[in-house]
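Put together the whole structure using the sequences plus the hints.
2 protein chains.
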Amino acid sequence: MRDFSSDHSWLSLNTATVRKQGDLLQIIDACARHGIRAIDPWRDQVAAVGLDRAVRAVRDAGLELSGYCRGGMFTSDASRRGEVRDDNRRCVDEAKALGAPCVVLVVGGLPQYSRPGSEASKDIVAARGQIEEALADMLDYAKQAELPLAIEPLHPAYAADRACVNTTKQALDICDRLDPARSGMLGVALDVYHIWWDPELMDQIARAGKDRLLAFHVCDWLVPTRDILNDRGMMGDGVIDIKSARAAVEAQGFAGYSEIEIFSNDWWGRPMDEVLRTCIERHKTVV
Amino acid sequence: MRDFSSDHSWLSLNTATVRKQGDLLQIIDACARHGIRAIDPWRDQVAAVGLDRAVRAVRDAGLELSGYCRGGMFTSDASRRGEVRDDNRRCVDEAKALGAPCVVLVVGGLPQYSRPGSEASKDIVAARGQIEEALADMLDYAKQAELPLAIEPLHPAYAADRACVNTTKQALDICDRLDPARSGMLGVALDVYHIWWDPELMDQIARAGKDRLLAFHVCDWLVPTRDILNDRGMMGDGVIDIKSARAAVEAQGFAGYSEIEIFSNDWWGRPMDEVLRTCIERHKTVV
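If you read the protein sequences in the order shown, they are chains W and F. Counted from 1, the first sequence has number 277 at position 277 by the UniProt record's numbering; the numbering is strictly sequential. Counted from 1, the second sequence has number 182 at position 182 by the UniProt record's numbering; the numbering is strictly sequential.
No wet-lab data here; the hints were simulated from the structure. A few of these clues could be false.
No distinction is drawn between identical chains; accordingly, a pair holds when it is met within one copy or between any pair of copies.
[What the hints assert, rightly or not] Listed below are the simulated DMTMM-like cross-link pairs for lysine to aspartate or glutamate, each with C-alpha atoms no more than 20 Å apart in a straight line:
no., residue 1, residue 2
1, 284, 137
2, 169, 203
3, 122, 200
4, 169, 44
5, 122, 132
6, 122, 237
7, 122, 273
8, 20, 123
9, 96, 137
10, 284, 3
Given below as structure tokens:
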């Protein structure tokens, strides 16, 4: 297991962590100030400053990307299937332009939440079928672009509205069906927040292996959690044994960034420099 | 699958659903007014009126029980192991006195939340080991009392503070290890709220079979969920396909009550009769 205690060269910042404090260009400046080497930007943050400016800013700052957030939301009613396909192809193009190593996929929940306006359904089995079909189509496109796709299993609390792929096993089962050759073009993005509770976690990380482990995200689970979406904790403030999870992915050969992704009304209310200083300190001590 | 549309003879009321509107005796009176045949009372509600009075009130009203809530909270530090054992034995005794068909078990999360005052830990694997050990001890006691134990897998959102048995598979694996002979003394209580998201749900219900299916609970998952503990929905107001879940347990031979258990700041704020009328109507139409 790599020693993170003396520097933060393997810290990547998911830019949603400070999305309320500034635009993407300001976040990139702050990363430069704090010696942060990598980011994972969100599509809306890129769009807000323009793709070309974002590409230049990343290049000028000498930043790497640890991923691009996010593709997916594959579930919809029939009238929106074209929108789903086109939207995800654009996402691949943007990720390519930015030099991202993978697109992180939040696959979608029930169609009425995934693609608002879609006819309402309670059929989660059908939703899962639709996800696999749309993902297969996106994978064809991503392969041509040589841009790997990383399925992010989301905590079951988000099964209805964000992603009904909710365990590492379920994500890896999809990988095995759509990419049995383990081409390196399809894998998982594992965020400790979503998977820490899973009794099969360690077995599934071992099953994933290096070629399926495309991204590793960290934050913490707070008790109590006051907001189901926007009350993630800073690493060390909650109950997750983060080092054990990192040890497990590194035992498989994962040698990429530990990406910090915190959606938090609390941390969004603090100055950007304070947030980044805390991220760096916790990266050294808790991650 | 049984037809519930014309009456509510298979509706049981988990008394937490109206815990803020009255004490257990008042709830029992209200069940009589509404022709509800069964309840699942909570230990604190029984204690508040006294066990003997509760036993008499249940008997005088001709009520059945569909379970007794709840045993468990098995995780603690060493200094509280005796408390855990004694507390759970008392729970079995009370259930026996009340004529409950099973004790519902919420097994506990990390020790500091399960038994407050216990030393803090992030070791969920250790917590799970401790649960199995304490459950084995309780099972010996419950067998002598001929009182079955029903492990309730809780939604992963409660893994830290309430139960780190979070899937039906995990609960059934414990059943198989502690009761390989399928004696009928150990099984599961399945609440759609906790398990609806699980991609393995239907397979695991089939695996459980009739002798492991000791209780079936219903409510609904709301989007958005505004409170992680106390914002369960009335059946029909959320996204859960309840009928499919009931069809699956009944296909295994389950023929017991559909127990309504709603923790909801919203419904706790309404008159008891309104809540019960709504439960009965939704039982006929949505469950």
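Going through the hints against the structure:
Taking CA atoms no more than 20 Å apart as the test, residue 284 paired with residue 137 passes in neither setting, with 40 Å inside one copy and 42 Å between copies. Taking the closest pair of Cα atoms, residue 169 and residue 203 come within 20 Å of each other both inside a single copy (9 Å) and across two copies (15 Å). Taking the shortest alpha-carbon separations for residue 122 and residue 200, only the inter-copy value of 17 Å comes in at or below 20 Å, while the best intra-copy value is 27 Å. Taking the closest pair of Cα atoms, residue 169 and residue 44 never come within 20 Å of each other, the shortest separation being 30 Å inside a single copy and 39 Å across copies.
Proximity of residue 122 and residue 132 under a CA criterion of 20 Å is satisfied intra-copy only: 18 Å inside one chain copy versus 35 Å between copies. Taking the shortest Cα distances, residue 122 and residue 237 sit within 20 Å of each other only across copies (11 Å), while inside one copy they are farther apart (36 Å). For the homomeric pair residue 122 and residue 273, neither the shortest alpha-carbon distance inside one copy (43 Å) nor that between copies (29 Å) is at most 20 Å. For a Cα distance limit of 20 Å, the shortest separation of residue 20 from residue 123 qualifies neither inside one copy, at 35 Å, nor across copies, at 34 Å.
For the homomeric pair residue 96 and residue 137, the shortest alpha-carbon distance inside one copy (18 Å) is at most 20 Å, but the shortest distance between copies (58 Å) is not. Proximity of residue 284 to residue 3 under the C-alpha cut-off of 20 Å is restricted to the intra-copy arrangement: shortest distance 8 Å within a copy versus 60 Å between copies.
Violated hints, in rising order: 1, 4, 7 and 8; the structure is consistent with all others.
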